[in-house]
Structure formats: structure tokens, C-alpha cells
Amino acid sequence: MNPTAGLLAVLLVAISTALLGIVGVRAARTTSDFYVASRTVSPWWNASAISGEYLSAASFLGVAGLILAYGADMLWFGVGYTAGYLLLLVLVAAPLRRSGAYTLPDFAELRLESQVLRKVASAGVVTIGWLYLLPQLHAAGITLRTITGTPAWVGPVAVAAVVLVSVLAGGMRAITFVQAFQYWLKVTAIAIPAIVLVLVWRADGSPEITSEGPATFTETTTVEVAAPVELEVAEPLLVHAEGTLDGDAVSGEVTLPAGGVQVGTGTELTFAEDAPVPHAQGLRAVDGPGWTYPMSSGTPYALYTTYSLIIALFLGTMGLPHVLVRFYTNPDGRAARRTTVTVLAMLGVFYLFPTIYGGLGRLYAPELLLTGRTEAVVLLLPSAMLGAGSTAGQVLTVLVTAGAFAAFLSTASGLTVSVAGVLSQDVLNRRISSPVTAFRVGTVLALLVPTLLALGGLDLAIADVVGLAFAVAASTFCPLLLLGIWWRRLTDAGAMAGLVVGGGAATAAVGATIMLGSSTGLPGALLAQPAAWTVPLAFITMVVVSLLTPGRRPRGLWRTMVRLHTPEDVPLDRGPWDPERRFRR
Amino acid sequence: MVEREVVTGPRRPQRRARRPATSDIDEQTRLGDVYLRGLMRTQLRLGLAVGLSTLGLLAALPVVFALAPGTATPTLAGIPVPWWLLGIGAYPLLAGAAWLYVRQSERVEREFTDLVDRR
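Chains as they are written, first to last, in the numbering used here: chain A, 1 to 585; chain B, 586 to 704.
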């Protein structure tokens, strides 16, 4: 990999992002501009911005890597990330926009008229926001190190700095244009290389992925192991090795014994054509029919795990704070719906492509299964298929690198804006009188905490933390929104109990998995994929506690329901609640 | 001279002045309650019908593949059918369902507006 080309890509994205942010500052004049772009953004731009914000590192890099390692069962990620928006559209989008709220805590306060509940919701937004920011910054570090060889701390700091500049400059309006631009950049960056690589594959005689036996090297391949890794070898395998194996220095032909082999840093392994690819131990990659066909990998409780994942993805999307804050920038409920349809189409186009990288990676970059760095497949496949020295390979590599960097930046920006919005409205507003200043201080705080955590070496797999965020969102804000919008008997006590019980159970379950490592058996599956039981638990808690506290139904319930459900063009009394009142003291 | 006779009948209740249904909603009368509940119920049914049928169709796939593994193995152009369904087919399905929902939902709202906002 040519470090200059990679660095060039990153700089181009960073500079264009910052420039767009600074241009946007001219448009940002009022508080409303900072939070919701004064609600003047058209559905097309808003949809581009929502899609740009949503397609994170997990989508751009993670999905292809999961498909490379685990195959057909991972196709659910793209489908689930998109299907969440259908549920958001049919049950939440228009009423949420009509509520007039800026943030999730605003919605909780409007609907249930409780300041305590507002605080609990704020804590939830900040928690989910920081949880989701952490893997973005972490992945940025890994990508920059892969491409340019910079130290690990440069990535998080660079992403945080660019986000800080663009958000401070213009708030939401600037960010809207930045993210709309980044959606198109990401689609281009993933689609064009994918199309070229498919053509290369066809010119190569369209080799098929074997559905029997392990992935094999299609040609004599030398792999340099950058970080120590333990390999899982199925049958004794003759290789040429330079470096250390199981602690012994080796040079020349060696037979890797069946079982585990410890490979030291800097070791070069050369495999013959058609040799099976040994897998990194921790990866637990799937081979043969388990990769090719769904529900056949033989993993215990696969059906439970798949459905729990589906529930988390379908229901979690609507509870992600950076997704919801976007709906407030639509001019009205009707526009919010139309925006969401466009988002569904835009996400669908994007998610066609990661599968191509995962499948072709199986043929042309199987050594990633050996090093365990399957998340790098999108970045490395162009040079693997076209040759690292070729101009075409380098141009495409620059393109995918730019796309990956755009993915970190846009998701990180969106999360920062929503966390900063909540911090400035609920924590800083008593200490800082100017709302714009409060928003700016909130921005710094929103970025500072996850950046310090990322630099502090809190090293978690991106898929784990993203899964945690979705499970927590599905077990907290999803029931709050669905019941709040459609069920009149919800009370503040019920909502609070549901948020605490659902959020607490989901956080504890995934937290235990991350801290203790995944255990085997049913308890392991229940803890690693908790959504299938924590989401019903949260719903039941909210319903039961609400029915037990009928006296606590909010007094303005009628006006709120009129506000949520009637079209804006009907002249009706929708109650006096106004999210901007807190700025007019 | 023809005697004129004034015919009087029991006084009919005065017809209530026609007023827009919006005031029924504003004043939360029983009629207003019927209007709002009707709107909410129609929209909720529409949303659940579109959402549950589409997502249910997708969510049925894993259990089908698990219980009848033979359904997962046929190939089309060398690629197993599940990859076509989940890798490509799901996205137009989702976008199509969304488009259908928006059309219907806007129609429901137009009807509601016509109903209550007639003056």
C-alpha cells in the first residue's frame, strides 16, 4: 500500500468536510439553525444527509468483513440496518416530526410532562451516543494505521478534530450539507471499485467459491503477520516460513501441525496454490456449506441468535439518537415520511455492495482469515485483485479509503450534534445563558469523553459495541416511542420503569459479554444477543407499570395526541408546548 | 273575507348552526374523540399491516431455512437463492412497501382533512 495515496485520500475528505462546514456557517444564524437547520431542508437533501450519517464504519467496513468470515448468515446486517427504517417510517416518522421536539428528551417531556423522565432520557441519549462514537474513533485509528502506518492515536484525534471544526462552525445546517455530500461520496467509493472488481473477476473466468471444505489460496501466497496471532490448523500443512512459530525461530520448509500454532510478529508464511487457509483462532470463521448456506453453520442456538439480532436491528434503528434528531429538520410530517422512503432506497443501493467485497474477498484475499483482520477487506481488495503496484489498484484504493474516512466523519458528526444538543439543553443551560455558546461547549464535551476513552486503550471490537448500542436503543427508546405515540394510557412512571429495566438489562447483558468474553451454551447466547428478551421485558414493564398508575396520565394528553397525529394544515389547538421556550428566558 | 288561520305546531328544536369539526376536536367533545381515535386507528392499522407483513415475510426466512435446509441450497446463476433474496431482493421489497405506505397514509390524511376542515 502506498502511504502517500492513502494520506491524500484522507486529507481530501477532511479538507472538503471542514470547508463545507465553514461555508455552512453563513447560513447558521439562529438557535434553530444550530439544532435543526431551521427545518428548511428538502426531502432529497435530508434523505442524503440521513443516509450519509447512518452509514458508519460498521456498514462501510464491518458488513463486508463479517460476510467474508461468516457468510450467508451475515446478510442480515444490511437487511436489518435498512428494515429498521421501514418500521421507523410506518410507526414513528410523521408523529415524531409533528411533535415539534428537537431531541428525544424533548419528546419524553412533551408526551409525559415529567422533568425527571426528561433527565433519564437525556442520560440514555448521551450513553448510546458515546457508546456509538467510541467504535467510530477506534476504527478510524485502525484504518489510518492500515493505510498510512501512522501511530494508533492519530486516527481518533484526526476524526475528532475535523468533526469539532465542522460542527462548531455551523451546527446542524452545516452538518446537513456535509453529510449529504458524504453519502454520495460513500456510495461512489463503494460502488465503482465493486463494479470494476466484478469485471476483473469475470475476466478471470468467474471462479466460484467452493461450498465444500475450507477457503483455499488461489495462487502461491506470502502472508506477513503484522501482529502475533494463533492459527487454527485443521490438518498438517506444509508451508515456507521465515520468523517465529510457537516461540521457535524458523527459516525454510515447515509442517504446521494440526491444532493451534502461535505465529510471532513479522513472520512471513508462504502457502502453495490450493492450500487451505488456516484461520485466526479468535475469529472462529466458518467454512464450506456453513458459509455458503444460511442457518447451517452448526453454531449452537443459531436460530435464537439470528432472531435476536433481527429484533435488535429492526427495532434499534428508531431508538438511535442521531437518527431521530434528523427528523426534526423536515418542514412537516408529510415531508418526514417522504424523506424516509428516499432513505430506504438510498440505503438499499448502498447495501448491495458490501456483499460483493465479502464474496470476492473469499477468493482473492483469504489471508485476512489468517491474520483475523477481515474488517480491512474493503480497503485491501482493490490492490489484492489488481496488484498493489498498478495505477488502477491505487486509484481504487484511494477511493475506498476516502469512503471509509467519510463514514467515520459523518456518523461521528451526527452523534456529536445529537449528544451536544442534549448536553447543552439539559446540563449546560443553567450555567451558560447563550444557547449557541452552550451548544459549542456541549460539542467539545461530546467529543472529549469518547476520544479520551479511545486513546485510553479501551479496545473493543467494533461489531460488539455497535451491537450493544442497537440492543440498548431497541430496549429503551423503541418502546418509549411506540407506546408514547400510539397508546394513550402510558404514564411517566411506566415509561421510566421501562427505560430503566430494559436499558439496564440490555447494558448488563452485553457488558458482561464484552468484559467476560462469550461463554458457551444458552446463557452465553442470551447474554451476547439480549434483544429477544430485553425488548419484550421493556414493553411489558412500561405497560404494566402504566396500568398500575392510571392517576399519572399527563393532563395535556389530548392536545398532545392532536399534535402528534393530525396533519399540520388543519387548524387545531395543539397545546402551548414549544421546544424553543427554554431559549427565550 | 277569508279568515286567516295561524297554524302553530310544537316548536321544533332550532337546528344547530353548522360548525367545523375542528372545534369538536379543540373542545374534546365525544364527536371530536371519535374523529381523533378514528384517524389514529386507521393510521396504526395501516402502519402495522405494511410493517408486519413486510418484516414478517423477511423474518420468516431463517426459520424456513433452518427447518427445511433444502430450501436454501438451490442456485441461480451459480449463486445460492438465499444470497439473491437477502443480498438483493430484500431492498426493493422494503423500498416498495415504504412507497405504498406513504401513498396510503397521505390519502388517509387527505380524507381526515376533508372531513374535519369543511366549513
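It is possible that part of the hints are untrue.
To spell it out: a stretch of chain B is covered by chain A in this simulated footprint if at least three of its residues, at any positions, have a beta carbon under 8 Å from a beta carbon of chain A; those stretches are [to be verified]: (1) 617 to 627; (2) 644 to 650; (3) 654 to 660; (4) 665 to 679; (5) 688 to 702.
Residues from chain B that face chain A, not an exhaustive set, calculated with beta carbons under 10 Å [claimed, not checked]: (6) 635; (7) 636; (8) 639.
Footprint (simulated), chain B over chain A, 3 or more residues, beta carbon under 8 Å [claimed, not checked]: (9) 80 to 89; (10) 112 to 123; (11) 133 to 146; (12) 157 to 167.
It should be emphasised that the hints constitute simulated quantities derived from the structure, not laboratory data. This structure is a prediction, so every number in the text was calculated from the model and none was measured. Even glycine gets a Cβ: it sits at the ideal position worked out from N, Cα and C.
Checked hints:
1. 617 to 627: Satisfied; 3 residues make the cut.
2. 644 to 650: With 5 residues closer than 8 Å to chain A, the segment 644 to 650 of chain B meets the three-residue bar; holds.
3. 654 to 660: holds (count 3)
4. 665 to 679: Holds, because 10 residues of the segment 665 to 679 of chain B bring their Cβ atoms closer than 8 Å to Cβ atoms of chain A.
5. 688 to 702: Our answer is that it holds, as 7 residues pass the Cβ test (under 8 Å) against chain A, meeting three.
6. 635: Holds. Min distance 5 Å.
7. 636: Constraint on residue 636 of chain B satisfied, holds at 4 Å.
8. 639: At 6 Å from the nearest chain A Cβ, residue 639 of chain B passes the 10 Å test, so the hint holds.
9. 80 to 89: holds (count 6)
10. 112 to 123: violated (count 0)
11. 133 to 146: Not satisfied, violated; 0 residues make the cut.
12. 157 to 167: That given contact is violated, which follows from only 0 residues of the segment 157 to 167 of chain A lying within Cβ reach (below 8 Å) of chain B.
Violated hints for the displayed structure, listed by number in ascending order: 10, 11 and 12.
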